[in-house]
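> Given next are the chains, with one letter for each unit.
Number of protein chains: 4
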Amino acid sequence: MIIQLQPTIQTQDKQMIVEKITSLGYKTMEVTTQRGSYLIGIGKKEFDVRQVGHMRGIADIHRVSDEYKLVSGKWKVEPTVIDLGDGVTVGGGNLSIMAGPCSIENEQQVDLTINHLKENGVRIMRGGVYKPRSSPYAFRGLGIDGLKMWHERAQAAGIKIISEVMQVSQIETMYPYVDVFQVGARNTQNYNLLDELGKVDKPVLIKRGISGTIEELLSSAEYVFSAGNEKLILCERGIRTYEKASRNTMDINAIPILKSKTHLPVVADPSHAIGIREYVESIALASVMAGADGIIYETHQKPEEAFSDGQQTLDFNESARMVRKLKKAFELLAAES
Amino acid sequence: MIIQLQPTIQTQDKQMIVEKITSLGYKTMEVTTQRGSYLIGIGKKEFDVRQVGHMRGIADIHRVSDEYKLVSGKWKVEPTVIDLGDGVTVGGGNLSIMAGPCSIENEQQVDLTINHLKENGVRIMRGGVYKPRSSPYAFRGLGIDGLKMWHERAQAAGIKIISEVMQVSQIETMYPYVDVFQVGARNTQNYNLLDELGKVDKPVLIKRGISGTIEELLSSAEYVFSAGNEKLILCERGIRTYEKASRNTMDINAIPILKSKTHLPVVADPSHAIGIREYVESIALASVMAGADGIIYETHQKPEEAFSDGQQTLDFNESARMVRKLKKAFELLAAES
Amino acid sequence: MIIQLQPTIQTQDKQMIVEKITSLGYKTMEVTTQRGSYLIGIGKKEFDVRQVGHMRGIADIHRVSDEYKLVSGKWKVEPTVIDLGDGVTVGGGNLSIMAGPCSIENEQQVDLTINHLKENGVRIMRGGVYKPRSSPYAFRGLGIDGLKMWHERAQAAGIKIISEVMQVSQIETMYPYVDVFQVGARNTQNYNLLDELGKVDKPVLIKRGISGTIEELLSSAEYVFSAGNEKLILCERGIRTYEKASRNTMDINAIPILKSKTHLPVVADPSHAIGIREYVESIALASVMAGADGIIYETHQKPEEAFSDGQQTLDFNESARMVRKLKKAFELLAAES
Amino acid sequence: MIIQLQPTIQTQDKQMIVEKITSLGYKTMEVTTQRGSYLIGIGKKEFDVRQVGHMRGIADIHRVSDEYKLVSGKWKVEPTVIDLGDGVTVGGGNLSIMAGPCSIENEQQVDLTINHLKENGVRIMRGGVYKPRSSPYAFRGLGIDGLKMWHERAQAAGIKIISEVMQVSQIETMYPYVDVFQVGARNTQNYNLLDELGKVDKPVLIKRGISGTIEELLSSAEYVFSAGNEKLILCERGIRTYEKASRNTMDINAIPILKSKTHLPVVADPSHAIGIREYVESIALASVMAGADGIIYETHQKPEEAFSDGQQTLDFNESARMVRKLKKAFELLAAES
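Protein chains in written order, with the working numbering: chain A, 1 to 337; chain B, 1001 to 1337; chain C, 2001 to 2337; chain D, 3001 to 3337.
Take these hints with a grain of salt, some might be off.
Derived lysine-lysine pairs resembling DSS-like cross-links, with alpha carbons at most 30 Å apart [unchecked claim]:
1. A:Lys244 - B:Lys1148
2. D:Lys3327 - C:Lys2328
3. A:Lys244 - B:Lys1044
4. A:Lys44 - C:Lys2045
5. D:Lys3325 - C:Lys2328
6. D:Lys3302 - A:Lys44
7. B:Lys1302 - A:Lys74
8. C:Lys2044 - A:Lys44
9. D:Lys3302 - C:Lys2027
10. A:Lys45 - D:Lys3302
11. A:Lys45 - B:Lys1302
12. B:Lys1045 - A:Lys244
Hint data in this document are derived by calculation from the structure and do not stem from the laboratory.
Kindly produce the complete structure, drawing on both the sequences and the hints.
What follows is the structure, encoded as structure tokens:
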């Protein structure tokens, strides 16, 4: 159960609501985000909502039986739109494209990428400065200095930045230099990280776990939302299956399922979902056609020389062609709906 | 190694080629299909193709290192087109739509479905008369009488029939009444059935196994081809994974991968791939955009009353709307290529 | 619902029972096996069993809500024991060991294997004469001649034979020469084959499908049982997962789960379950300790020269050592229960 | 490549070795643990080890081509033994049993559990005070106060403590009160946490990821080892597959595979691996028989009243019986090896 509270609610009215809900056999948890205040009621008992609905300070009340509550589409019908400023938004009827290298490597690479994005009307650049690597001996990214260098250039060009945060201590360090925090597939259930990201006022994109369920992805988003941050984007990036002809198995089913279960924007990462450069475009197009609000993918001026993930990275020609097609596909879908 | 033989080759020339290939350390198998004659060489030794290429009776010679040979796109560059007669084809730049109920139920259902297909320009009707069911106590289909009834009506309407064959003895029985034999997901590795289907001259659609790999699907097709039947269609229908939010996990990656590995047409079955009626359209659109040559899906005049698979079956309104969108998506993709 | 009928039941009494059950909203199916007669009632309505239980000709009546009925442990509490003759049994408190090569190759191999088995007190020999192979160009087995040669030698030595049947037409051919028909993992859901095996009076061992569920394995057994053959053995042989460090993933959980769900004997195939020779013993021991009624594994006089599956095949020294340990483990478990 | 350095090595000798290795095309990383100093060489070039082996300060040199190096069994043949003090060890020919509740709940529960363990000769108690929960609204554990209470009682009784650490900031807080840090399945690839655990001198048990590969588990251990902590225990706890008859699928294959790939002790968690109380014993016995060095499982005085995981938790009678059987199985295996 979600009880939306009025902004002007008095403490003592809130207390009375909590007591009433408790007496009905529900545990309550209060959530205050940048956008509103809520009481979450956890329990299974059936009762007549009118017993509560008339109480002072309540704006609205909704039954939500899913394990996740605030991210559910059952109480919030209009889609959430994330505003990154300068006219850049994610969700709500736009196609958001986020592109860039796997790893930020150096100034030249950043400049070339920014130029490429500007020429193709892409407003958000992805890139890693902290890289989760399965081997401790692999390249782990440029770190905060790389991020600062990148931020200076991106800001000057009007390009927004999305980058992965791997641990709680990096949140504060990265905060001034990113527009969207990305939670990687290995951290989808790193609950402490999610809790802390709930306390910042910048958007968070959560990738689905390497073998995470759709339900778990929504529950991870619930962590961030219930800790105070409503600015959430979900990302399907392929799951681990027995099939080894591709790096992961893109779960295209997850796109329409997520879109119907939650009000949050849903984007797809075709680069990781298939892991083979020549097929990335097909999966990106399929994702848009399945209803994705955006695409996040890897591009590099010379994929064969990229520090990481070169085998799934588009060059700029391929990237430009794909962006053009994605826009046409998105327009077609919008026209037909 | 695939050696294409000239139609006019003399027996003794063929014998000399076999001896030469054997002396190079290869085992050979001769394949004769409705369309041509081939010698398949199985082995790993490297040698200079020119030692063989000049021999009398050889039309062409190709190295193919995959375990599957004749279905590989490495030796046959132009896509295979399956001609069902009356202007109905599968593959080769057309979008093939195959629709109909899970099970053939009765005359009225067949008539209603045929009308629906004709109104929407769909030329191929799917339907089961032999149903593989996990419980021996479930409805197993109308059998051959149902097929005859269906065939009579479909033929009169100019509609082609695709239907599942479950065992060798059904091939002969079904032969006069089907235009395409369908091999179901549980029979993808029923090698005796595949061998026998290699001896008929009607097309065969092979569904990917419930947890089959892309490689295994191609090897199953190789069985039919090497037994004499080149008229093959491959079908992605979702795979079994840990995710239970959908019936199966549509492996959208398989579409572009199969299209690049084989010259055979590739279609998608969104009904089984997601298993939830409201999302079938999204998956069908995604499949077309990923490069599928066709879509095979379930539709019924009253899905909630269907004998089987009602939860993933479109009604005729949904079906008509989807067909219209699929055509637009296919046109867009063709225009952009 | 399972109604056990008295052997002496009159046709008209049976008819009255069917009418009564039907009037309660159940569909009925009559099953006659070598061991008894049953009426299976399929339905969900609740009713007082006493309404039916007193009717003439009924020996007993059991509620079974699982999709599988006759193989369920809910109505038949004592474990099923399969008698192969000459004192060789499977199930019921014995450890059954079945060993032999992947493929029957020649007379010498058969003789060496039989000697090895006799020396180690193993009474059942496995071996394939029809081999399901993913490539049509691979060795497909010696066929019926190989089986006859093998049978002659095994019979003379008092060794029982288990061998895979791949299609309906082989049942009759193989019948005189095998003691147990084996259904391979690719045919677990080949329902026509299962139906036909229900009509023979020799035992059938059903391997779990490559990615079959425990429920599906039980349903496959239900096919054979409901078609008339109660002599069934279930076999866990590993399932397909994302983990590639082993050929399959042995689902050790399936052993105690199957043992509690069904009255049928359950054996394990460690050779296919892990696929790596040096670890086969560990998995065999684990299976016994988890409650398996038997072990079926691959052994060959020279595994490195075996026609197939050499990488997972034990030599005779390893085999002898393993048999000795398996017996000790089985004794320990029996002593502790 | 792993170069073991002599304890007395001079800085300038070490520098010369690094230069030599670098000149051969290898990147080097120096690792100092509580037990020794190593240079890890990362590269693929072949060279004659004798070029390096004679240099001053080198104790030994080993080729290790796996992605993981220091945890590999290829350079360190004797098994690692973890000493927890007071005669409690893990690995090296002993069976280590770790038992206790999912969550630490209160003083009475702790006392009852400690008594139970002492009566059955179990020296290590498991229990969670920080609980990773997929829903933010679920019970998250008693936290550090619960740990202190537990520690006081356990220490008085001579019982060692293993408990899960979820984030970097908890390491210091928990340090005085635990004997073994446990890394949970959701944190197996939380590399920052692993890095920090490499800096402490207490043992770390790493659970395999929910869908982690064996290779990834070893790489996670490599993180901790290469950051300085050699005291590592690996734990198989079941993986996520399509099979839903059990909570997870116990990968029994992982036990012998891990034992042969690494010198670290390997334990099994049957409670999570199957998730069903009545079958836990079977899986524990199977794990021991497959070669596990220990078993970690859940027990509670009243499983049906446990705060979490009650459905997979043994009561004390079941626990006592299982411990007795595990010891007998372990003795049998030891006697036969």
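> Compare the structure with each hint and give your call.
Taking the hints in turn, this is what the structure says about them:
no.: 1; hint: A:Lys244 - B:Lys1148; verdict: 42 Å, violated
no.: 2; hint: D:Lys3327 - C:Lys2328; verdict: 15 Å, holds
no.: 3; hint: A:Lys244 - B:Lys1044; verdict: 23 Å, holds
no.: 4; hint: A:Lys44 - C:Lys2045; verdict: 28 Å, holds
no.: 5; hint: D:Lys3325 - C:Lys2328; verdict: 14 Å, holds
no.: 6; hint: D:Lys3302 - A:Lys44; verdict: 24 Å, holds
no.: 7; hint: B:Lys1302 - A:Lys74; verdict: 28 Å, holds
no.: 8; hint: C:Lys2044 - A:Lys44; verdict: 27 Å, holds
no.: 9; hint: D:Lys3302 - C:Lys2027; verdict: 43 Å, violated
no.: 10; hint: A:Lys45 - D:Lys3302; verdict: 25 Å, holds
no.: 11; hint: A:Lys45 - B:Lys1302; verdict: 36 Å, violated
no.: 12; hint: B:Lys1045 - A:Lys244; verdict: 27 Å, holds
Hints 1, 9 and 11 from the earlier list are contradicted by this structure; the remaining hints agree with it.
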